[in-house]
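Asker: My request is simple: use the sequences and hints to build the entire structure.
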Amino acid sequence: MTVNGRARWTCRTQVASVAAGDCLEIAPLNNLPVVKDLVTDMSRFFDKWAQAKGQFQGARSRREDFARVKPDSPQRRAVDAAIECIGCGVCYSSCDVVAWNPDYLGPAALNRAWTLVSDVRDTARTARLAAVAGDAGCHACHTHMSCSERCPKHITPTAGIAGLKRAAAAAALRGEL
Amino acid sequence: MSSRSETLLWIAQRASAAVLALGVVVHLATIIHAVRGGLSAAEILGRTHGNYGWFAFYAVFVAAVSIHAPIGLRTIVAETWGWRGAALDALTLATGIALALWGWRAVFAVFG
Amino acid sequence: MNNDFRARNHPAYWAFIVHRASGLLLSVFLPFHFWALGQALAGAAALDGFLRWTEQPLVKIAETGLVLLLAAHLTGGVRLLMLEFLAWRGWQQGLLAVAAGLSLAVGLVFALNVV
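These protein sequence lines map, in sequence, to chains U, G and S. Counting from 1, one number per residue, gives the positions in the first sequence under this note's numbering. Counting from 1, one number per residue, gives the positions in the second sequence under this note's numbering. Counting from 1, one number per residue, gives the positions in the third sequence under this note's numbering.
A couple of the hints might just be wrong.
Partial list, derived from the structure: chain U residues whose beta carbon lies under 7 Å from chain S [what the hints assert, rightly or not]:
id: 1; residue: PRO33
id: 2; residue: GLY58
id: 3; residue: HIS144
id: 4; residue: MET145
id: 5; residue: GLU149
id: 6; residue: LYS165
Using C-beta positions, here's what the derived DEER-type ranges look like [said to hold, decoys possible]:
id: 7; chain 1: U; residue 1: ARG166; chain 2: S; residue 2: VAL28; range: 42 to 48 Å
id: 8; chain 1: G; residue 1: SER5; chain 2: U; residue 2: GLN75; range: 26 to 32 Å
id: 9; chain 1: G; residue 1: SER5; chain 2: U; residue 2: GLN14; range: 29 to 35 Å
id: 10; chain 1: U; residue 1: LYS36; chain 2: G; residue 2: HIS27; range: 56 to 62 Å
id: 11; chain 1: S; residue 1: GLN56; chain 2: G; residue 2: MET1; range: 43 to 49 Å
id: 12; chain 1: G; residue 1: GLY50; chain 2: S; residue 2: ALA36; range: 16 to 22 Å
id: 13; chain 1: S; residue 1: LEU112; chain 2: G; residue 2: PHE108; range: 29 to 35 Å
I should point out that these hints are in silico values taken from the structure, not numbers from a laboratory. Since the structure is predicted, the reported quantities are computational estimates derived from the model, not experimental observations. Using N, Cα and C, we set each Cβ at its ideal position, and we do this for glycine too.
Answerer: Here it is, written out as structure tokens:
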């Protein structure tokens with residue numbers, strides 16, 4: 001919900017920590033259609049997740065050996081920093097670009113795409129970069145960093161989106177995009 | 001706009017930004033130095049006319065600005081008024097061309 | 001309902017506002033700048049006429065403002081380039097303070113030289 005104007009993970013927020021005096025203002029999450037009272041329709045939020053190709057695509061089957069991924073490699077560290085997303089929508093609600101550009105995929109979807117672009121086992125990298133580099137994709141992020149300010153899991157979607165910008169640029173220059 | 005075009009625009013904007021970063025530092029330092037003790041046209045033009053080194057520098061400077069500014073304005077127009085597609089691209093291109101022509105005219109005026 | 005001041009009141013957001021506003025204002029200024037310099041085509045006398053006009057105190061204040069805008073846009077832009085191109089690090093947050101400080105310094109140097 002929005003509490004005192006800021007999106008919060010309300011089931012984990014103590015009233016005492018946010019009440020100014022004995023007053024509290026609660027509202028539904030921004031940037032989402034309101035169903036009723038404090039309930040919002042999050043379909044669009046998750047649709048954009050799918051549009052950003054936020055699903056893992058692997059090449060191995062259960063009959064093959066496990067993939068070996070070094071936990072301290074730079075790519076895996078990048079994935080680990082962004083993987084704990086709970087899909088709460090606080091970042092999406094806090095993002096002004098989502099408000100200004102209704103098609104903008106948003107920080108959560110792009111963050112998830114980043115974890116997959118950095119996943120060495122994933123095979124859909126080119127298609128995913130094409131999905132996130134359009135005019136409502138990673139380039140629409142203006143580094144406001146409201147997402148990173150508000151994320152209850154302390155993820156920095158801005159960093160992941162910057163990574164997507166770099167990856168898309170490299171792919172475009174190599175002629176892969 | 002396709003992902004490829006959008007990405008190339010981003011690259012162009014950041015690359016021109018890097019060029020401008022260096023250019024602006026030089027420009028500011030030069031202007032601050034030149035402004036000391038007052039300016040007169042004869043003084044300025046005496047130093048700049050026929051100075052092909054600075055001519056080249058500012059010609060590149062104008063080119064970089066003509067790439068950088070329109071792409072930035074494009075974003076503002078798209079986000080403030082919701083423009084998309086051909087109209088937006090035409091505006092961007094027109095702004096770039098106008099800045100380039102006016103800018104190179106000024107460079108020629110001062111350094112030619 | 002849109003995010004209001006309470007949601008937007010944090011440093012990286014102010015940096016965005018400064019960057020967008022300065023970029024817009026500089027873009028509006030640029031054609032005038034090119035026109036003024038183009039006066040040199042009409043000879044030194046035409047340029048001198050314009051330069052005399054700029055001697056007014058209000059214009060000098062405006063010029064200092066412009067230099068501040070340029071320095072702010074430059075330092076903010078360099079901060080953005082570092083955030084986008086370098087792998088993410090903690091110290092990058094402090095870049096904002098550096099950017100602000102540097103741009104103010106440049107503005108001051110210009111003002112002191114021009115006054």
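Asker: Looking at the structure, which of the earlier hints fail to hold?
Answerer: 1, 2, 7, 9
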